[in-house]
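Asks: Top to bottom, those sequences are chains A and B. So in this note's numbering, spot 294 of the first sequence is number 307, and the numbers just go up one at a time. So in this note's numbering, spot 209 of the second sequence is number 215, and the numbers just go up one at a time.
In short, the hints are calculated from the structure, not lab data. Some hints could be false.
[Said to hold, decoys possible] Over the 10 Å line for every Cβ pair with chain A, so calculated as not near, a few chain B residues:
hint, residue
1, Leu165
2, Pro301
3, Gln349
[Claimed, not checked] Derived, one-sided and incomplete: chain A residues facing chain B with beta-carbon distance under 10 Å:
hint, residue
4, Gln72
5, Leu134
6, Leu237
In this text, all values refer to a predicted model and were calculated from it rather than measured experimentally. Virtual Cβ for every residue (Gly too), placed ideally from N, Cα, C.
This is what each chain is made of:
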Amino acid sequence: MNVGSGKKSSWFVRGTILVVCLIWLFPALGVLVTSFRTGIDANSTGWWTTLSSPFDTAQWTFDNYVTVLDSEGFSNALLNSLAVAIPATVMPITMAAFAAYAFSWMHFRGRQLLFVLVVALMVVPLQMALIPILRLYNGGAELFGLTVFPDLDLNGTFLGIWLAHTAFGLPLATYLLRNYIGSLPSSIIESAEIDGADHFTIFSRLIVPLSVPALAAFTIFQFLWVWNDLLVAYVFLGGTSDNRVVTIALQMLSGSRGQDWHLLTSAAFITMALPLLVFFMLQRYFVRGLTAGAVKG
Amino acid sequence: MTNGSEQQTTATVPANAEAGRALKLLGAVVVLVGLPLLVQWAFDFTKDRDANRFAIVGVAIVLGVLGVFALFWVMDQIVDRLPRGWRETARPYVFVGPALVVLSVFLIYPVVNTLLLSFKDRRGDSWVGLDNFEFVFTDPSMLRSLRNTSLWIVVVPALALVIGLVFATLADRLQRGESVAKSVIFLPMAISFVGAAVTFRLIYNYRPEGFGSNVGVMNAVWQGLGNDPVPWLTRQPWNNFLLMVIMVWMQTGFAMVVLSSAIKSIPEEIIEAARIDGATEWQVFRHITIPSILPTITVVTTYMVINAMKVFDIVFVMGSPENNGTEVVAERMLTWFFVRNNQGYGAAVAVVLFLAVIPVMIANVRRFRAEEAIR
C-alpha cells in the first residue's frame, strides 16, 4: 500500500477521515433536519427517512421556529442572552487589560505579589464561589457590625450576573493579557512617555490597538463561554420567563416538552446559531481563544 | 504638569482662570452627582418588569459596556486632581483596583466563606463539625457521584485523546480538505452543553412498543436488528457512558486541534530520515511522533480532566440523575444547594471538588507558564 510514501493519501486515510466526519456531523444533522419538520412527521418517523426525498418541499416548515421564538419565549431569551453576554464579555476584558498594563508597565508596591495572587485564583473552580455570592446578593455582608457589602438585592439582575462572570473570567484574562502586553517592546512605551503622554493615553491609544489579536481571542472565548453557560445563569438569573437566557430556556423546554422534538430541535438550533456563526466567521481567533482559555476555572 | 501651568495662568490672568476653575469644579460636581444618579436610574430601569424588553436590553448593554469604561475614566480624572506628589503613586491602583476589588469580593471571600459554610448546618447558622463531609462520603447517592466522576475523568479524556490523535495524524496526510475535516470535528466545541445534551437525547430517544415508532436513531437501528426498543438512558450503569459520549463528541475537536499543531511542528527531516532507514509508518508514529508530542498530550489531558471533573450541564439536562444513577459531583453540589436548600452539604461538595481540582490545576498552570515562557 502507499501509506509509506507519506505524500499521497491512501484510500484508508481518506475513508477513515470521511467516516469520522460523518459520525461527527450526524447528531447535529438530526437536529437541523428535525427542526424543519412538522410536529406530526417528527413524532411518527425518524428524521433520516426524509433523506431519501429531500426536495419534497411539502414536508418542510418554518412553523417550529415561529412557535419557539414566539409562544415559547425564545425571542425574549435571546435578548436576555445578549444583555448578559455582551457586558459580561466587555467588563472582564476591560478590567483585565487595565490591570495587565499596570502589572507590566507601572511601578507600584506589591506588583509582583498581587499578580501572583491573581494567577493563583485560576485554580478556584467557580462552584466554590456560588453559595457565598448568592448570600451576598440576598443579604449583604457584615463584619463586626459594619456593613461591608450592602444588600443590593442583586439576585436576578443583569448587574449581578455580569459581576459574577467578570470575576470568573478575570484571572485568566489578566494572566493572558499581561503575557501579551508585557511582551510589547518597551521602547514604544518609553518614547510615548518622553513625548509627554500619560498612562491613560498610552494605554488607550497605544496598548489597546497593539493588543487586538490577544483581545480578540479572549473576547471570543469569553463571549461563547458566557453565551453557552448554564450554571451561572441558573444560579444568579433563574428561570423566570422575564429573565431567563437561551440555555435556561432550552433546559426548561427539554424538561416540560421533552417529546416535542420538532420544537426542541428548533429551540436547540436557535441557541447554537450565534456560536456557530462566530465559529465560521472568526475561526482563527476562535481556535486560539479556546486553546488559550482551556484553563478557565 | 497641568497643575503647574494652571498656577502660572492664575498669576497672569486671574479672572479667566477663576472662571475656568469654577467651570471645572461645576463639571466635577455634575459628573460626581449625575453619573451615579444616571447609573442608578439605568439599573432600576433594567429591573422594571413593565418596560419594553428591547429598551431594557439596550439600556443594560449600554450600562454594562460604557459603565466599565466610565469607571476607569472617572477614577483617572479624580487622580489627576490629586496633589502632585500623590498622583503617580495612586494611579497604578486605579488601573489594578477594579480587578482586585471584584476578585476579592467574588472569588477570595467566597473561597473562605464556602470553607466555613462546609462546617455549618443547612442554613449556615451553627457549627456541625465534620458532619457534612461525613455525608459526602457515606450517602449512597454521593458515593455514586464520586464513582461516576472518577469514570468521567478517565473515560472522556482517554477517548477524546485517542480519537483526536488518530484523526490529527491521518488528517495530516490528506492532500486536500484537511482544514474542512478538522473544522467538522472542532464544530461541537462552539455549542453549549445544553444544546449538545438535547442533540443526543434525540439519538437516545425511547418509545415503548405500541407507542408509535421510535424516532431516536439508536432504537431504530436496534429494532431494525429485530430487538425490542430499550430505554437507553435508564440502563445502569451503561447510561453513564452514553452521557460521556456527549462530552467526547464536544471535546475531541479541542484535543485534535492542539495535537495537530504539535504534530506539524515535528521537523520533517527526522521523519524522512526514519523512513529512509526503513521504519514502518507505525514505527514512525510510535517512536517519533508520540515522544515528540508527549508534553502536548499531557497538557491536553490535564485540561480535559479538569473539564470532566466539573461537568454538570449534561447530567442536569438529561434529567433525574438520582433515579438513573448518573449523578456527578458538580451536579450534586447544585442539587443540594439550590434544589434542596442545604448550604452545608452544597458547600462541602464544593470543597471536595476544589480539593480535587487543585493539584491538577497547579500542574496545569505551571505547565502553561513554562509553555508561554518558551514561546
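Asks: Next step is simple, just say for each hint if it's right about the structure.
Replies: Consistency of the hints with the structure:
no.: 1; hint: Leu165; verdict: holds, 13 Å
no.: 2; hint: Pro301; verdict: holds, 14 Å
no.: 3; hint: Gln349; verdict: violated, 6 Å
no.: 4; hint: Gln72; verdict: violated, 14 Å
no.: 5; hint: Leu134; verdict: holds, 5 Å
no.: 6; hint: Leu237; verdict: holds, 7 Å
In summary, the numbered hints that this structure violates are 3 and 4.
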